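Asks: Respectively, the protein sequence lines represent chains A and B.
With numbering that gives the first Met the number 0, the residue at position 155 of the first sequence is 154, and numbering never jumps.
With numbering that gives the first Met the number 0, the residue at position 167 of the second sequence is 166, and numbering never jumps.
No wet-lab data here; the hints were simulated from the structure.
One or more hints might be untrue.
Claimed, not checked - Just a sample of chain A residues kept apart from chain B, beta carbon distances all over 12 angstroms, derived:
(1) E107
(2) I239
(3) P274
(4) V291
Unchecked claim - Reference excerpt, derived from the structure (chain B facing chain A, CB under 8 angstroms, subset only):
(5) S52
(6) T56
(7) G58
(8) S86
(9) T88
None of these values were measured; they are calculated from a predicted model.
Ideal Cβ placement from N, Cα and C applies to all residues, glycine included.
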Amino acid sequence: MSVSTETERRGAPAGPWDDSALAEREPFRELIAEGELRAVGVRPSIGAYLRDIWARRHFLVYDARSRVLTKNSKHRLGSVWLVGKPVLDAAFFFVIFGLVLQIDRGIENYPGFIIIGVLLFRYTANSMTQSASLMHSNRAMIHAFSFPRASLVISLALRELFAVVPLLAAVFVMLMIIPPHEFPSLSWLMVLPLVPLQALMNLGVSFIVARIGVSLPDISFGFNFLSRVLMYGSGVIFPIERFISHPAIYEVMTNNPLFILLNMYRTMLLDHTVPPLGDWLTIAAWGAGLTVVGFLMFWKAEERYGRH
Amino acid sequence: MAGTEDHRGETSILVDSVSLTYTSTSGSSPLSRFRPGQGRARRTQVHAVRDVSFSVTRGEFVGLVGRNGSGKSSLLRVIAGVEPATSGTVYARSTPTLIGVSAALIGEMTGSENITLGCLAMGLSPAEVERARPAVEELAGLGAAIERPMKTYSSGMGARLRFAISRASHPEILLIDEALSTGDASFADRSRRAMDEALEDAGTIFLVSHAAQTIEELCTRAIWLEQGRLVMDGPAEEVARQYRWFAHVLAEGDEEKALGLLNDAHAENRRQYG
């Protein structure tokens, strides 16, 4: 049935109509001008946007906590898998690179090197790959009610932060029980400020990746690939910098924030010393920079996330 | 109904020339877009809502009626602000609340935990959630089942809980998308009372339904959409009567006659309210 043309032809009885848009007519024009009626679904100013997110902080925390706790409930061992899976990964990499390939090259505590690398790299890599499809996988919620969409990214960052707590416990326990045993020292406490800095960096990356994932859904393959490149380029499983002789590549690699970050964790946990201040500042600057840029990018496109 | 000069202070929603168009790439094979001369030409546009305008005042209970695919749910999403209109603007006195909070709920959690989650999602503070909890539990009427995981609920029980949660924030403008089709008779009764209360909150309610009877029983005013266009806007009984007649004729397979009815209703509407 084509109603449109037929309706237009027949449904236009003669008579003087007011054909102007409703918003131009009284009393609506006045109500809109007075701010009594406000446009729905337009991007708020950045201040209002931040206030909106702040008003939902209780929801963000409660939602993230519930989702972390119920995520593995369909598996028999439940939350044990939060720790079990990364531990299995670390064991696998240790067998391949430590026992089969014997790539340790005189690292004192190679199992410790791998455990820290794999488990803490996973924290960032997970955030990145999940963000690529974040807006797509949450479209039911986006279509169901209106809320600042950046909440979804923050909620993901909170979920990952909650999940990293048992992971860190696993790192500590493994370092202690696997030879050559490392025992807690004061420098281990420095992990406490470093994890939030990594979380901030992850948040910034998530904003950027989630925003790009909306315009270019195919990019999720790209980020899976990128996370593998980063895994080898950041010295996650073997001290890659010792294999590089090209000076430019060496510079890029050793200035990569993930490389610095993992290095800092190893300095604290394996060498029992506090990393230099320069490293802290570099990581903090990356975290703040990525988060501000990512947040602005994300906010700019606020109206797009609801489109089909 | 478009011009309501005497209700100047009471306009709660103004829908101004709203259109919503989806562009989708058709074609069965993903390879077709690589064939020369085809790719972009295969894009089709779907006009979900076409140039719809109306205004609603406080205390009105508006039914959006129309067949499946007539654009009524799309229009509701635009009014809710969850999907931006392709052109035109919706103005509102306060943020409209779509009953869709179900998307935030988690099946593994108990009903009572989901009340907390859903209320927080709508922007209530933890103290407000505790104050709203007894009323939500009463309206849902689940008894002891409120402490069971939500995934163990029947679909009717789930619908009751979701409706009860979305009433908790006492929104001034409430948007409902066929929420009442599930639930037994006693719940239908309770939800009707809840909606009367919502109206008394000096509120406005939108209800989407393809059933003329629902619209007739609950609403004061109805807007009939067909293929994204506003066909008729008027008192609920009158619109429901014409819509039911149209649907009946169409069901009998007389498209020609149905089209005539549609055009008559549209012409009538323009003559009266244009």
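Asks: Flag every earlier hint the structure violates by its number, smallest first.
Replies: 6, 7, 8
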